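Novice: Keeping their order, the protein sequence lines are chains A and B. FYI, the numbering for the first sequence is 43 to 379, going by the working numbering. FYI, the numbering for the second sequence is 3 to 108, going by the working numbering.
Any given hint could turn out to be false.
Unchecked claim - Listed below are the simulated DSS-like cross-link pairs for lysine-lysine, each with C-alpha atoms no more than 25 Å apart in a straight line:
1. A:Lys305 - A:Lys191
2. B:Lys16 - A:Lys304
3. A:Lys305 - B:Lys9
Hints were generated in silico from the structure; no laboratory data involved. Given the structure is predicted, the values throughout are model-derived calculations rather than measurements.
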Amino acid sequence: MIKTDVIIVGAGPVGLFAVHQLGIKGLKAVVIDNLDKVGGQCIELYPDKPIYDIPAVPECTGKQLTDRLMEQIKPFKTNFYLNERAGEVKANGDNWEVKTNNKNEFSAPNIIIAGGIGSFEPRKLSSKDAKKFEGKSIFYSVKNKNDFKNKNISIFGGGDSALDWALELSKFSNITLIHRRNEFRGAQHNLNEIKKLEKKGKISIKTPFQLTNIEGNEKIESITIKNDNDKTEKVKTDIILSFFGLVMKLGPIVEWGLNMDKKTILVNSNNFETNKKGIFAVGDICTYPGKLKLILSGFHEVALASVECFKRARPNEKYRFEFTTSSKIIKDRLRKK
Amino acid sequence: MPKITYKDNQGNSKTLEVKNGLSVMEGAIQNNVSGIDADCGGSMACATCHVYVEEKWLNKLPKAEDGEVDMIDMAFDPKKNSRLSCQITITDELDGLAVTTPEKQS
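One chain only, chain A, in its complex shape:
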């Protein structure tokens, strides 16, 4: 059991800024995120797209915003638990205990949910047989490429994940690359390589085709694909790799007993606490009258929530409001002279 002052669920911009607001108040936090990197939607959905409404930052990309936040919270030496999803929560006295799907356990008087629109998960194939074969012959990521040697592999998708793996796995397997339109959105140099391998007969490209059926009982034997004109083809297949990006799912948080409004968590706008004492929700995942889903709103929300977190984590100390420009204690915490 890892003890801390605040468990932050979600490493998007608001979760990262929470570390800062807690840190300058002398509180320790851990951050849990289901993605393999920090930044949340900023990194996963729009790393290169510009954002124009961060105060005093006329323009920055999702990646730049994330990098700057990481720099800003560096002094607090926070532990990040990435590739982990917060699972069940239970109360133990005044503390909350959170377990992750990686079997880490945390205990703290406060939880800040900065979960955006939920945790990112691979978008799965919709064919009803897809579930049956998932993890056996259908995969949404490649963990160990040796498992994909000397096979007939059908890869779905038009982005760089699909192209990268088609190139890599074509070194030792038969690859069919299937995409719903003739244009790929992956990098041009990847596409040039693919076209070269197609000419050599190492990769077969099927466009504009989509999956309609999976044949096989214990394991996949073949798949049927269909184009826009209802022309179907069978492709001999042992393994399907599907790269249709990520979707956001709220996941286990739905079971935490919090008052919800559709996919958002109801909070009060004084300190952004939910109906459970010590559990806060900030950023896109929370709602209250007048809520705007803006990064800057999330920053405000987490500043206020951090005050209540302090009161719960340090019940015997008095909270003193201080400015970073003038407080010696804050400057020490930020390692500034």
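Place chain B on chain A using the hints.
Specialist: Okay, now just chain B, sitting in the frame of chain A:
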């Protein structure tokens, strides 16, 4: 105000008056039309406001930009008449537009 018809894949349909300048997605969200999630809020980053546009309207819409078509790659069951409803801005010319939501959004 232009009238927009939202149909679901079960054949249910709802016709609403939606203000010029709003997107077809916003018209749905503001009026609690189910079947359009719009997780990313209209930034063309999630493909959960995917709709099928009635054929006769398809040519009357401004062409989808690359980013939208790229995103539709990710949508559930994309077809030739697939669009992201957050990218269709309502104007008087679109009075009578009908869109159908897919079986699910993700």
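Novice: For every hint, state whether the structure bears it out.
Specialist: To see whether the hints hold, each was checked on the structure:
1. A:Lys305 - A:Lys191: Judged against 25 Å, a Cα distance of about 42 Å means the pair is violated.
2. B:Lys16 - A:Lys304: Answer holds: Lys16 of chain B to Lys304 of chain A is near 20 Å, not above 25 Å.
3. A:Lys305 - B:Lys9: Holds: Lys305 of chain A and Lys9 of chain B sit about 22 Å apart, inside 25 Å.
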